[in-house]
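Sequence order for the protein chains is S and L. Counting in the working numbering, the first sequence runs from 1 upward without gaps. Counting in the working numbering, the second sequence runs from 253 upward without gaps.
Take these hints with a grain of salt, some might be off.
[What the hints assert, rightly or not] Here are the simulated DSS-like cross-link-like pairs (lysine-lysine), alpha carbons at most 30 Å apart as the crow flies:
(1) S:Lys77 with L:Lys300
(2) S:Lys76 with L:Lys258
(3) L:Lys264 with S:Lys147
(4) S:Lys47 with L:Lys389
(5) L:Lys264 with S:Lys77
(6) L:Lys364 with S:Lys147
(7) S:Lys77 with L:Lys258
(8) L:Lys300 with S:Lys76
(9) L:Lys389 with L:Lys364
(10) S:Lys76 with L:Lys264
(11) S:Lys47 with L:Lys300
Bear in mind the hints are in silico, worked out from the structure with no lab data behind them.
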Amino acid sequence: MNCQEAQHLMHGYMDGELDLLSNLHIEEHIGSCHPCALAYQNQQALKDAMSDGSLYFNAPANLQRRVRSLVREADKKRRGQSAWSWRWLAAGASLALFAIIIGVLVLGQSGANNDELLAQEVISSHVRSLMANHLTDVPSSDQHTVKPWFDGKLDYSPTVTDLGAQGFSLVGGRLDYLGNRAVAALVYQRRQHYINLFIWPAMGDASGQNKMAVRQGYNLIHWNRAGMTYWAVSDLNISELQEFAQDLQNQK
Amino acid sequence: MKEDNKLPNFEKAVLPHLDAAYNLARWLVRNDADAEDVVQEATLRAYKFFGGYRGGDGRAWLLTIVRNTCYTWLQQNRAHEPATDFDEETHGVENVTPETILLGSVDRQMLKDALEELPVEFREAVILRELEGLSYKEIASVINVPVGTVMSRLARARKRLQLRLSGKEVSS
């Protein structure tokens with residue numbers, strides 16, 4: 001190593017950013033080269049002088065206050081705007097709900113089967129949960145918080161699975177009412193899409209394939225497993241919703 | 253809901269770093285009032301784009317935005333200042349002769365002046381390293397250059413400071 005290289009690399013050395021071998025080379029050079037040792041000492045003194053805090057400009061208190069209150073204002077404004085768009089969404093959702101009711105009536109007359117009625121209920125419940133701003137009763141991404149919350153509220157204990165690692169973050173849980181009974185609703189999120197997962201004890205023989213359906217632009221997947229019935233509903237695209245169902249089924 | 257947590261999350265991840273934001277801005281624009289304006293603007297921008305924050309070090313994330321806001325401000329307000337010659341490739345050639353003056357007790361005012369005179373690309377590297385204590389990797393991400401460039405800039409900046417403090421003319 002020549003002096004030019006040494007006086008360049010000594011900066012990385014001083015900052016603790018070199019690999020072990022380069023460190024050894026630098027130490028060896030400085031140990032045997034007086035000018036470079038001097039240069040290193042000077043640089044170290046300079047570094048110490050700069051990093052002792054005397055050159056640091058702290059933010060003035062009035063700036064801190066101003067910035068914090070401006071951010072809060074910006075947040076209020078944002079909420080105002082989003083409340084406005086919520087109203088439109090709510091209006092749209094009411095229309096969707098109306099369409100669903102009509103659909104249920106028509107289908108009911110034409111003798112739709114039980115699953116079909118449930119699918120409609122599941123969608124209504126999903127829409128309602130987003131519309132009424134009542135997505136969760138227990139907002140938590142911790143499965144060990146959500147699961148015990150259902151204790152005493154249901155006559156069964158739903159399995160709560162954390163799928164954060166798979167990209168479906170748990171948002172929380174909610175008590176809902178479907179098919180004439182109280183059911184557990186777990187809420188997951190991927191990007192801006194919410195997924196409602198409804199769980200209750202299955203009737204009859206409980207196993208079999210995933211059933212998929214699309215209703216009013218929502219995707220539904222339904223399956224039975226280990227004595228429980230599962231319904232997942234979301235505006236998420238069907239392949240990602242399938243992935244979600246698959247991840248859940250792989251957990252146990 | 254996630255959106256509802258935007259404000260508390262921002263207050264937790266970003267706002268504790270206002271001192272770092274102001275320190276960087278103050279060293280880049282070199283004036284109290286202008287630094288305050290820049291920090292205010294940068295923080296509001298950070299809030300607006302907080303959706304793009306993917307966790308990790310909130311300080312480095314905020315400093316990146318502050319730094320970009322500073323550069324925009326400098327372009328608009330100090331465009332008349334001469335651009336520095338900037339030669340990334342030929343680093344470390346300025347001086348390999350023995351230093352004769354030991355910086356035993358460095359005069360703070362002289363040091364402050366010397367730092368303010370550094371070209372802004374050198375200055376920001378020194379501030380982020382010595383005053384903020386960021387790693388080369390973090391600095392590289394804030395100023396958007398490769399890690400190797402960070403060390404070159406620091407080496408050149410420190411040599412300039414050394415020369416300036418030992419009373420020699422800095423040839424740029």
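Each hint, compared with the structure:
no.: 1; hint: S:Lys77 with L:Lys300; in the structure: 12 Å, holds
no.: 2; hint: S:Lys76 with L:Lys258; in the structure: 11 Å, holds
no.: 3; hint: L:Lys264 with S:Lys147; in the structure: 28 Å, holds
no.: 4; hint: S:Lys47 with L:Lys389; in the structure: 19 Å, holds
no.: 5; hint: L:Lys264 with S:Lys77; in the structure: 20 Å, holds
no.: 6; hint: L:Lys364 with S:Lys147; in the structure: 59 Å, violated
no.: 7; hint: S:Lys77 with L:Lys258; in the structure: 13 Å, holds
no.: 8; hint: L:Lys300 with S:Lys76; in the structure: 13 Å, holds
no.: 9; hint: L:Lys389 with L:Lys364; in the structure: 26 Å, holds
no.: 10; hint: S:Lys76 with L:Lys264; in the structure: 18 Å, holds
no.: 11; hint: S:Lys47 with L:Lys300; in the structure: 37 Å, violated
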